[in-house]
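K.L.:
What follows is each chain in one-letter form.
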Amino acid sequence: MGDFMIHAISALNRHLYEDVIEQHFRLRHDIFVEERHWETLRKPDLREIDSYDNEDTVYLLALEGRRVIGGHRLYPTTKPSMMSEVFPHLAAVRGCPSNPLVWEWSRYFVVRERRDGALNLQLMAAVQEFCLHQGIAQVSAIMETWWLPRFHEAGFVVTPLGLPGLVENAWTMAATIDIHQATLNALHDRIGMKNVVHQDGPRLDCIARANLCGGTAAQRKSA
Amino acid sequence: MSAVDYGREALDFIEGLGAFDRVPEAMDALETAFGRFGFETIIVTGLPNPDQRFAQMVLAKRWPAGWFSLYTKNNYDRADPVVRLCRLSVNPFEWSEAPYDAEREPDAAEVMNRATDFRMSRGFIVPIHGLTGYEAAVSLGGVHLDLNARSKPALHLMAMYGFDHIRRLLAPSPHPSARLTPREREVIAWASQGKSAWEIGEILHITQRTAEEHLATAARKLGAVNRTHAVALAIRHKIINP
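As given, the protein sequences belong to chains A and B, one line each in that order. Residue numbering for the first sequence follows our numbering, beginning at 1 and increasing consecutively. Residue numbering for the second sequence follows our numbering, beginning at 1 and increasing consecutively.
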C-alpha cells in the first residue's frame, strides 16, 4: 500500500507508462467485455480500445507498484464524444455538453478483488482532484443509474441530462458532475489522504488542449 | 405524455428539490410529484440487517398509519417478497414482479394481500445500493397508476434524487464548527500553535486534565482520529486560522 497512487497519464508522459497503458487495455477487455458483456467492445487482440483513446485522452490509473488495480479516463467534449456520438438520446432533455471546461469521464473500473469501497472512494477523489487542479469545471458521464446513489454518497453533485435508458440490459444515464473543492475535501477526509493523484513528466494543460481541439473541430466544420 | 415530457417533468422536479430544507416539505413535494403518476403511498427507508428493526430504518414515509403498525408488528419486512428482490436487484421493478411461492410462503402472500386493504394493490420500488453495503429503497404504492415504459425511467430518477435529498436533510450538520463550544475552539487554536495540554491549561487558567478533555471532545466532534488530525480539520473547516 505504501506506493499506492493514482497516476495521471497523457500524451505528454505516456512514454513513462507504456507497460501500464497496455496492461490497462487488457484489463478493460477483461472487465467490460468478458465480465460485463459489452459485446460491441470485443476485440480479437483482447485489448479494449475505442475511438476515444487517442492523443487527447487522459488516463487516471490506480497503481500498486506497476500493477493496475483500477482507473478511468477523461476526454475533451470539444471533440465528438461518446455521449454526443453514441448516446445522445440519453441527453435528450438538456443536451450534450461541448465546452473546454467540461471533460467526458468514462471507463471507470476496479479489478474484482478490490471492489470493497476504499478504492472506489480514492478513484472518485482522483477525478475531483485532477480536474480541480486543471481548472475543469464539470465532467460529463454515461453511467449506470444504480451508481447514482453511490456518487451521491461520495458527495458528488450530479445533474441528469435526460432520462435513463437500457444499454446492454443495464439502466444507463447521461449526467454532468460538478468539480468542487468541498466535495474533494470531504473525500480526502474520508480516504485519509491529502492528495491521491500523482503526475510525472511535463506539465499538462487540459483546458488549452481542449480549446485546441475545439478550434480544429470548428475549422473542420467551416471548411 | 411523451418520453420528453416525462423527462422534463422529472428533471424539473429534481432541480426544484433543493428548495426544500425540511423533511416534511420535501415529502410534500415528493407526494405531489409521485401523486401525478397516481401513487398514494411513499416510503423512503434503509433495509434492516438481521439484527436491526424495520421501524428504526425508515427515513420518511407517507403510509397509512394502520398499515405501518401492522407491517412493523408482524415483522412483514422479513417475509415481504418485494424487500427480498430489492436486496438482489440494482434495477427498479413493479411489486408484482417480486416472485414468491404462495403455497410454501404463506407469510409472503399475506403481506401482498393485506397491502391491498390499504390502497397499495400495485407499486414500484427503486433499490438503493451504497458504497459499503448500505441497502435502501424508495417504494411507491397505489391503485390506478401511470406506470409504463416511458414513466418508469422518470420515476427511477425522481426516487433516487428524492432519497438523496431526504438522506442529506437527516444527516448530521456538515459544518462541525457550529457544534464546537468557544472553549473547545480556543484549546484547538492553542494546540495548532504547538502548545501542550499542560501549557494550554496554564494559558487558559484551567487544569491540564480539563484542557485534555476539551481537546478530546473537539476531536470527537470533528471526527478526528487524534489531536493533530483535529487541528488539521479545524483549519480546513475554517474554525481556526492557520
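Because the hints were derived from the structure by calculation, they are not lab data. Keep in mind that the hints are not guaranteed to be accurate.
As the list claims (entries may be wrong) - Restraint ranges, calculated between C-beta atoms of paired labels, are given here:
{"#": "1", "chain 1": "B", "residue 1": "T132", "chain 2": "A", "residue 2": "A208", "range": "49 to 57 Å"}
{"#": "2", "chain 1": "A", "residue 1": "N185", "chain 2": "B", "residue 2": "E103", "range": "53 to 61 Å"}
{"#": "3", "chain 1": "A", "residue 1": "G65", "chain 2": "B", "residue 2": "R114", "range": "29 to 37 Å"}
{"#": "4", "chain 1": "B", "residue 1": "R220", "chain 2": "A", "residue 2": "K194", "range": "51 to 59 Å"}
{"#": "5", "chain 1": "A", "residue 1": "F4", "chain 2": "B", "residue 2": "P172", "range": "51 to 59 Å"}
{"#": "6", "chain 1": "B", "residue 1": "R104", "chain 2": "A", "residue 2": "R94", "range": "23 to 31 Å"}
{"#": "7", "chain 1": "B", "residue 1": "D107", "chain 2": "A", "residue 2": "H133", "range": "54 to 62 Å"}
{"#": "8", "chain 1": "A", "residue 1": "E64", "chain 2": "B", "residue 2": "R114", "range": "50 to 58 Å"}
{"#": "9", "chain 1": "A", "residue 1": "E64", "chain 2": "B", "residue 2": "D12", "range": "16 to 24 Å"}
Just so it is clear, CB atoms sit at the ideal spot from N, CA and C, and this is done for glycine as well.
K.L.:
It remains to establish, for every hint, whether it holds in the given structure.
P.N.:
Hints versus structure:
1. T132(B) x A208(A): 49 to 57 Å: violated, 39 Å
2. N185(A) x E103(B): 53 to 61 Å: holds, 56 Å
3. G65(A) x R114(B): 29 to 37 Å: violated, 58 Å
4. R220(B) x K194(A): 51 to 59 Å: violated, 22 Å
5. F4(A) x P172(B): 51 to 59 Å: At 30 Å between Cβs, range violated.
6. R104(B) x R94(A): 23 to 31 Å: With Cβ atoms ~49 Å apart, the hint is violated.
7. D107(B) x H133(A): 54 to 62 Å: holds, 56 Å
8. E64(A) x R114(B): 50 to 58 Å: holds, 53 Å
9. E64(A) x D12(B): 16 to 24 Å: Given about 45 Å between the Cβ atoms, the range is violated.
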